[in-house]
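As you go down the protein sequences, you meet chains D and F in turn.
So for the first sequence, this note's numbering puts the first residue at 1; every next one is plus one.
So for the second sequence, this note's numbering puts the first residue at 1; every next one is plus one.
In short, the hints are calculated from the structure, not lab data.
The structure displayed is predicted, hence computed values, not measured ones.
C-beta atoms are modelled at their ideal positions from N, C-alpha and C, and glycine is treated no differently.
One or more hints might be untrue.
DMTMM-like cross-link-like pairs, simulated, lysine to aspartate or glutamate; straight-line CA separation at most 20 Å [unchecked claim]:
no.	chain 1	residue 1	chain 2	residue 2
1	F	Lys140	F	Glu54
2	F	Lys43	F	Glu54
3	D	Lys99	F	Glu54
4	D	Lys99	F	Asp49
5	D	Lys99	F	Glu111
6	F	Lys50	D	Glu3
Sample of chain D residues with no beta-carbon within 10 Å of chain F, all distances over it, derived [stated by the list, open to error]:
no.	residue
7	Gly5
8	Ala9
9	Val34
10	Gln38
11	Ser132
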Amino acid sequence: MSEIGWLVAVFGYLSLLTMGGGMAAFPEMKRLVVDVHQWLTMPQLMHLYSVGQMGPGPNMMMVVAVGKWAGGPLGAVAVAIAFFGPTAALALAVGRLWKRLERWPWRASIQKGLAPVSIGLLLAGCFTMARSAITGLETATIAFAVLMILRRFQINPALLILASAIVGMLSFGPH
Amino acid sequence: MSAERPASASISIGAIFREFLLIGATSFGGGVVAYLRNGLVRKRAWLDDKQFVELLAISQSLPGLNATNLAVLIGDRLGGMAGALAAITGMCLPGGVFMYVAAVAYGAHGERPLAAAALKGVAAAAVGLILATVSQLGRKSLAHSYDLVFVAVAVIGINRLHQSVLTVLVVVGAAAILWYRPGGRAAQAAPEEEADE
Numbered sequence: 001m002s003e004i005g006w007l008v009a010v011f012g013y014l015s016l017l018t019m020g021g022g023m024a025a026f027p028e029m030k031r032l033v034v035d036v037h038q039w040l041t042m043p044q045l046m047h048l049y050s051v052g053q054m055g056p057g058p059n060m061m062m063v064v065a066v067g068k069w070a071g072g073p074l075g076a077v078a079v080a081i082a083f084f085g086p087t088a089a090l091a092l093a094v095g096r097l098w099k100r101l102e103r104w105p106w107r108a109s110i111q112k113g114l115a116p117v118s119i120g121l122l123l124a125g126c127f128t129m130a131r132s133a134i135t136g137l138e139t140a141t142i143a144f145a146v147l148m149i150l151r152r153f154q155i156n157p158a159l160l161i162l163a164s165a166i167v168g169m170l171s172f173g174p175h
Numbered sequence: 001m002s003a004e005r006p007a008s009a010s011i012s013i014g015a016i017f018r019e020f021l022l023i024g025a026t027s028f029g030g031g032v033v034a035y036l037r038n039g040l041v042r043k044r045a046w047l048d049d050k051q052f053v054e055l056l057a058i059s060q061s062l063p064g065l066n067a068t069n070l071a072v073l074i075g076d077r078l079g080g081m082a083g084a085l086a087a088i089t090g091m092c093l094p095g096g097v098f099m100y101v102a103a104v105a106y107g108a109h110g111e112r113p114l115a116a117a118a119l120k121g122v123a124a125a126a127v128g129l130i131l132a133t134v135s136q137l138g139r140k141s142l143a144h145s146y147d148l149v150f151v152a153v154a155v156i157g158i159n160r161l162h163q164s165v166l167t168v169l170v171v172v173g174a175a176a177i178l179w180y181r182p183g184g185r186a187a188q189a190a191p192e193e194e195a196d197e
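Just chain D, same shape as in the assembly:
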């Protein structure tokens, strides 16, 4: 299969794992993008994901960057369609059936059952990333500070990430 073909297959598959949020698919994205296809290294994937948190719109637009990295402009477009297309089609179909599903007793079971599982998937994705991102006391402090500030104050996370970039430059940059 061509590189673009693999990109479409990988990101089409990953999109179906984003239960609860994009981070749920992160461990599998790491395995396929870094280990299997070696389109990027783990630090590169992690950096693109993190930069993606600063951009506008849905927080997984970073897949476009992976597509660009692995397959040029065509790769970027192919990945965007592969990643957002299947779940969009599913949402469209289920959205139209939803009224009819109202009397289906399993609907509530699915909603209640998947809620804790998707939180587990998000947490697992977070740990996968933390294993590479948290390298010492300084990075752990940054992560903890961001967590506590977001829990306590209403502040735009993009600003905190930007601030952490400056903290990073001061702490880890060339002196």
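Here the structure of chain D is known, so what remains is to put chain F in place on it, guided by the hints.
Just chain F, lined up with the frame of chain D:
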């Protein structure tokens, strides 16, 4: 065509695209759902809060990002399939362009010491951000202490036992759905079902 339409059925596809493009370009820092509610319910009144919450519930029980699922569902209600396409395209376009440019810049300058230092801080901050999102989500949607078992099994399955996300989603997901099966004890004990008892 979708089953129900709000009174404002005359919204053009172009207007849908422009509104979602605006939201897609201004919603920095994630939390796009809040921006959607503000723009579409409060500002435009294209749908009411009850419809919005209902569509959000659908978004959350499907794979895919809440933000993009919600865009598709709202777009469909406003303008059918073309509306859905306009909504998701408009919302993703600015962020997609941003990340494309970021990828080019990262390729050119990502290895420089100062950029690498900044990215180290950014990646650590992203971990904190995800933890904050998960804890907020957990407080909202974990109804019972035994829900924590499903959370723990999913984490251990992926991080310790190195199972694929798909395996964990299917196996633990099926177990959790069966736990909450219709007529089962867990389903009846759930707060929403209290009236049945």
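For this session: Check each numbered hint against the structure and report the violated ones by number, ascending.
Result: As far as the earlier hints go, 5, 6, 11 are violated by this structure, in ascending order.
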